[in-house]
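Student: Modelling step: build the complete structure from the supplied sequences, incorporating the hints.
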Amino acid sequence: MICNELNFNKQKYSLFNILLIAQKSDYYRKLFESINLKIDESITYNDYIKIPFLTKQIYNEQKINLLTKQLINKDEYLKISDNLTLKRKYLENHGIYLKVTSGSTGIPLEIFKTKSDLRREYIGFNLARKKILKNNFPKGKYVWIWPANKLIRQYFYDKPSEYVIEDNQYGYKYMMSEYSNTSFKLLYDFIIKKQITWITAPPSMLCLFSNFIKDNNLVLTFDYIECHSEKLFDWQKNELRNTFNCIPYSVYSSNEIQFMGMTCSCGHMHLINSNVFIELIPNENNQLQVIATSLSSYDTPYIRYKLGDLADFEDASNFNCGISSNVLTLKDFRDNDYLIGKNHIKYEPFVIFDAIILMQNRINKKISNYRVIQSSVYILDFYFEDTIIKSITGMDICIFFKEYFIKAINEIFDINIYTLDQLPEKVKTKKYKYFIGINNE
Amino acid sequence: MTKKECKNVVIVLLNELLQDRKQININENYKLFDDLGMDSLSIIGFIVQLEDKFEISIDDLEDFDVFDSIDSTVDFVYKYLE
Numbered sequence: 001m002i003c004n005e006l007n008f009n010k011q012k013y014s015l016f017n018i019l020l021i022a023q024k025s026d027y028y029r030k031l032f033e034s035i036n037l038k039i040d041e042s043i044t045y046n047d048y049i050k051i052p053f054l055t056k057q058i059y060n061e062q063k064i065n066l067l068t069k070q071l072i073n074k075d076e077y078l079k080i081s082d083n084l085t086l087k088r089k090y091l092e093n094h095g096i097y098l099k100v101t102s103g104s105t106g107i108p109l110e111i112f113k114t115k116s117d118l119r120r121e122y123i124g125f126n127l128a129r130k131k132i133l134k135n136n137f138p139k140g141k142y143v144w145i146w147p148a149n150k151l152i153r154q155y156f157y158d159k160p161s162e163y164v165i166e167d168n169q170y171g172y173k174y175m176m177s178e179y180s181n182t183s184f185k186l187l188y189d190f191i192i193k194k195q196i197t198w199i200t201a202p203p204s205m206l207c208l209f210s211n212f213i214k215d216n217n218l219v220l221t222f223d224y225i226e227c228h229s230e231k232l233f234d235w236q237k238n239e240l241r242n243t244f245n246c247i248p249y250s251v252y253s254s255n256e257i258q259f260m261g262m263t264c265s266c267g268h269m270h271l272i273n274s275n276v277f278i279e280l281i282p283n284e285n286n287q288l289q290v291i292a293t294s295l296s297s298y299d300t301p302y303i304r305y306k307l308g309d310l311a312d313f314e315d316a317s318n319f320n321c322g323i324s325s326n327v328l329t330l331k332d333f334r335d336n337d338y339l340i341g342k343n344h345i346k347y348e349p350f351v352i353f354d355a356i357i358l359m360q361n362r363i364n365k366k367i368s369n370y371r372v373i374q375s376s377v378y379i380l381d382f383y384f385e386d387t388i389i390k391s392i393t394g395m396d397i398c399i400f401f402k403e404y405f406i407k408a409i410n411e412i413f414d415i416n417i418y419t420l421d422q423l424p425e426k427v428k429t430k431k432y433k434y435f436i437g438i439n440n441e
Numbered sequence: 001m002t003k004k005e006c007k008n009v010v011i012v013l014l015n016e017l018l019q020d021r022k023q024i025n026i027n028e029n030y031k032l033f034d035d036l037g038m039d040s041l042s043i044i045g046f047i048v049q050l051e052d053k054f055e056i057s058i059d060d061l062e063d064f065d066v067f068d069s070i071d072s073t074v075d076f077v078y079k080y081l082e
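Heads up: the protein sequence lines correspond to chains A and B, in order.
If you read the first sequence in the numbering used here, its first letter stands for residue 1, the second for the next number, and so on.
If you read the second sequence in the numbering used here, its first letter stands for residue 1, the second for the next number, and so on.
Keep in mind that the hints were calculated from the coordinates and are not lab data.
Hints are supplied without guarantee of correctness; some may be wrong.
Claimed, not checked - Some chain B residues near chain A, calculated using beta-carbon distances under 8 Å:
1. E5
2. S40
3. L41
4. I43
5. I44
6. D63
Stated by the list, open to error - Listed below are several chain A residues computed to face chain B (Cβ distance under 10 Å; list not exhaustive):
7. Y13
8. S14
9. N17
10. F53
11. R120
12. N168
13. Q169
14. Y170
15. K173
16. S274
17. P282
In this text, a Cβ means the ideal position worked out from N, Cα and C, and glycines have one as well.
Tutor: Next comes the structure, spelled out in structure tokens:
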């Protein structure tokens, strides 16, 4: 069921508001002029769909021109834009966080996020939590599991030994990239010591933690579990409920738009109307792709942003959960494979992405497209664009990655380098693969 | 309820909510985030208090800047009461 126009009319005031704000950016001002779009309260869905999709590639090229406020000096920024460290510091001094995405579609993105936009997005999200959880809004301290290894911690925080950050008065960010008995024991002890009552983490990680709890005959319960970053499968839901005595909720989010949907206790993914307007538009294969307009990102607007996910709407009035916002059924969303180390230790694939960031910084050239396949337990195959491979001649890329994995996770891998056109056919068809987990071979 | 009475109630609620954190007497000129250090979670606590006090229900926001200042908060709440 597609009801884009109906939803547009329901969210028209918010959309009108965000279009007015977007018009302050160079990119959207010129775009609206070029398509002769007049922003006023009489705007219709037919007017709105004249706006072309914002793709990841356009965002990458235009992100400075998407800013609606003069937060940075473009000339100053361009001078340092090839150096991630300098760029990050410069942006932070001007009120912008630089988020670097993993590139789940094979195109890693550097995203500008202002503190004010983050606050707006979290307010919308917390309102949705209040609406969906009703009187069960979590109280007490939380822990937010964040995949980041020690090298990336050093890179971003200058404090590699610290893996826990007090996020605010309500809880902690806890950085993990390795899932082993040792790391889970540390997490378990932390949760007990800090009297953590709710946890937010990727479901695949939580299931591994659940296995650890059961294997060691431990008991751990939470008041609230919130899964993010990946699809929450039914078997995972059952696993988490049985181990932690708590029904897990799932959040649909992206680094760019942030919080777009949240499941209710019945498991329906309700859209967060304060934060996002979602259209479903058929692609060339007649599958419905998610096109999102952020309603809370005022400083860097995303209008008709092509996320790369596939979904369908369901009529919320068919359900008994009493929540009126539209229900989205995700057809194709991110799931997770792990890098497998010796003794079956599992590592977040972010560990690979971190290596890519460091390599990018080393060669002073943007790596905009790559794939990595774990072709056996001790072998990683890296695929880069031809231009990248040519630019790193003289530097032994295999030794670089080898040393990186020893330093970062104490694992030894053989490294092979290929060009992207050598990518095996079955990998090309996958939306989200850093590598093929050995179990899938 | 007049708008002025509404503003007084909002200020009293904020003073109660933040009494442990801020040893200040909040007045109408304060900004909620910049001056009072509120964040996305504490603002939800404040919204819950507003809902209870004024018997309204705030589920979605059409404009996120309504809680920037005490004046804009009062304007927002007063619309519900009108």
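Student: Which hint numbers does the structure go against, in order from smallest to largest?
Tutor: 1, 10, 15 and 17
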